[in-house]
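Q: One letter stands for each residue in the lines below.
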Amino acid sequence: MFILKLLSRNAFRHPLRTLLTIFGITVAILAFGLLQTVVSAWYAGVNASSSARLVSRNSISLVFTLPIAYQERIRRIEGVTAVSYANWFGGVYITEKNFFPSFAIEPKSYLELYPEFVLTSEEKRAFFLDRKGCVIGKKLADRFGWKIGDTIPLKGTIFPGTWEFVVRGIYNGAELSTDESQFFFQWQYLNESLKKTVPRRADQIGVYIVGIKNPQATAEVSTAVDSTFKNSLAETLTETEKAFQLSFVSMTEAIVVAIRVVSFVVIVIIMVVVANTMAMTARERIGEYAIFKAMGFQAHHIAGMVFGESLFISAVGGVLGILLTFPVAHKFSQIMGNFFPVFQVEQSTLFMDIFFCMIVGIVAGVFPTWRAVRIKIADGLRRVG
Amino acid sequence: MSLTSAAQQVLISVNAVSKAYQRGNQSVPVLEGISFEIIKGEYLALMGPSGSGKSTLLNLIAGIDTVDSGSIVIDGIDIATLNESDLARWRSAHVGFIFQFYNLIPVLTAYENVELPLLLTSLSRQERRKHVETALDIVSLSDRIEHYPSQLSGGQQQRVAIARAIVTDPTILVADEPTGDLDRVSAEEILSLMARLNREQGKTIIMVTHDPRAAEKAHIIRTLEKGLLNDVYP
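Chains A and B, in that order, are what the protein sequence lines are.
Here the first sequence is numbered in the numbering used here, starting from 80 and rising by one per residue.
Here the second sequence is numbered in the numbering used here, starting from 27 and rising by one per residue.
Next up, chain A with everything else stripped away, as it sits in the complex:
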C-alpha cells in the first residue's frame, strides 16, 4: 500500500511531464488499436468464412465464368451437401462513391448455405416469389434509408443498363463479423435479361458455392470437383471459402503490411519517449535512491520503485488508450463504413494493447533502474548537496 502511494505520488511529482507522457502513451495505444482494427477489418471476410463451404471458380481467372450446367454435376460429388451460385454484379447506385457489393444469387440454396444472413420467413418468401426482389444488409439499409418495398435502381457496370430492384428483405448478421452491407438479388432476373440482350453471356456463373458434409474433407472434395471438370473448356479451381477470401486480401497485402509496420513504429516511438521521461526522473532522483539505500533499502526495492513508476505511467496511459479505442473505432466505422463493413475491436487487439503497454513500461524502466541500482550511496549523497 505504502509503495503504491509512493509510486503514484512520485509519478506526479512533475505533473505536466507525466501528463504529457501519459497522453503520448494514450495516443500511441489508441493509434495502435485502431490500426490493428483496420487490419482485422481487412481480414473480416476471411474470418467470417465458413469451414463447411468451398468456392469453385474458373481456373483461369475469376473474370471467366462457368456454365450453369456444372451445378448438378457438382451436387452429385460425394461429400457435397448443397450447391449454390453467384455472379458479381458490380452495380452502382447513383454515383460510384456509393459503392457496395452486389451479387446475383440463386436465392433458396444461397440463403441455406449462408445461415448467417438472418431473414424472417415472410421476407424470404417475398424474395423468392419476386423475380425483381432483392435482400439487403441492415447497414446498407441504414446507410441509404431504404425500407422494404422501396425500388432501388442500380446502374450496371459489368452488365450494362439500369436495373430496378424491389427491397423484399433486410437481413441482420448472425455474428458480429457478418457483413451487413451486401446486396443480393435473383440470378434468374439477371440471366433472363441477358438472354434477351447478350445471349452469349447467359447461363454463366461467376462462382459456385459448395456446401460439404465434413469440414475436414475440404481437400478431397475440392480435388473431386476439379477432377470432374479437368480437360473441359472451363476447368474449375476449388478452394475453401477462407482461401478464396484471402486471395482478395493478398492483392492488397502491401497496404496491410504497411499499416502493421506503422502500428509497431508508433509503439517504438512511445517507448523511446517514456524511456526518456524515466531517464530524466531517475537522474533527478539519484540522490533519493542513495538515501533509500543508506537507510537499508536494497537493490530490489529501488528497482521496484523505478520499474513500478514506469509501469504505472504506462498502465494509466494504456488503460486510457484502450478505453478510448472503442468510441473512436465506433466513430471510425461510421465514417469508413463503405470500406470496412465489419469494424470491430477484437479481443486479440486488446491483448496486444495490454502486452505492448507492459513492454513499453518495462523497456522504459530498464536503463533508469540499472542506473539507480548501481549508484554508490556516497556518490549519490554527494549529488544531493
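If you are wondering where the hints come from, they were derived from the structure by calculation, not from laboratory data.
Where is the CB? At the ideal position from N, CA and C, for every residue including glycine.
Straight line, CA to CA, 27 Å or less: simulated BS3-like cross-link-like pairs of lysine-lysine:
| no. | chain 1 | residue 1 | chain 2 | residue 2 |
| --- | --- | --- | --- | --- |
| 1 | B | 252 | A | 455 |
| 2 | A | 84 | B | 156 |
| 3 | A | 275 | A | 187 |
| 4 | A | 187 | A | 321 |
| 5 | A | 217 | A | 410 |
| 6 | A | 203 | A | 226 |
DEER-style ranges, computed between Cβ atoms:
| no. | chain 1 | residue 1 | chain 2 | residue 2 | range |
| --- | --- | --- | --- | --- | --- |
| 7 | A | 446 | B | 77 | 31 to 41 Å |
| 8 | A | 81 | B | 180 | 25 to 35 Å |
| 9 | A | 343 | B | 166 | 55 to 65 Å |
| 10 | B | 166 | A | 91 | 30 to 40 Å |
| 11 | B | 77 | A | 96 | 31 to 41 Å |
| 12 | A | 91 | B | 63 | 42 to 52 Å |
| 13 | A | 347 | B | 221 | 58 to 68 Å |
| 14 | B | 97 | A | 96 | 39 to 49 Å |
| 15 | B | 101 | A | 81 | 22 to 32 Å |
| 16 | B | 115 | A | 347 | 32 to 42 Å |
| 17 | B | 36 | A | 433 | 55 to 65 Å |
| 18 | A | 335 | B | 148 | 55 to 65 Å |
| 19 | B | 115 | A | 80 | 15 to 25 Å |
| 20 | A | 98 | B | 173 | 22 to 32 Å |
Start from chain A and add chain B according to the hints.
A: Frame of chain A, contents of chain B only:
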C-alpha cells in the same frame, strides 16, 4: 566531560583504515592508516578543513562506503566483511542518518518520512504508528505529522530527519553537517536535541561539522587533516 575511561565498552574500532579515490588514472589518498576507538554512548565531533576526509570517514563507519585497507569493527562485527545486502540490513538496524540537507522525500508527509525505515522491519502497521508517533514526539513535532517537507521550516525538517534516524532505535547516529543549512536558532535546537538523544537515550553520535559551536556540544573532538587524525580534544 570525557567518556573514554577504560571501563567503558568500545563500540567502534577503526583500525589502520586507508581510503583513496580514483581521479582519472590517479589515485588520490583521502585517509591514511587511521586508527581510533569510539566508546558506546560517546558523542564525537569530527572536524577538519574541506577535503580532509571527515565525511569519507563518517561514510566508512556508517557502512555506506568501503575501506581500501584496514578494518572497522562495530559491536564485534567487521563491517568490511559484510556483503552488500547484509550491510544494508546491518545499516537499517544499527545506523541512523542525519544529513546537512535533511534529505526527506518531498512527496511524503513527515509521518510517512519517519515511517520509511520501519517498512524494512516486520512491525505491524499499528506498531509502526506507535514508533513513528514516539519518534515525532521526541523531536516535538507531533502536531506536524501530516505536513509535507515543503510546508516545514529548515529546523523542523531536520527534526523530522532526526525522528527518521531514531525511529528504528539504532545504536549509532551519524550526522554530516547537521546544522550546516540552518540559522543559528534552529541549529541550537538541533544540537540540543542531539545532545538530549545522547544523554537520555544513550545514542552514540558521530558528527561531522565545520562549526566549532556545534563541536563544543560533543564529548570528544577529533580533527582530520590531509587524511590523518592528528588531534584529540579535550
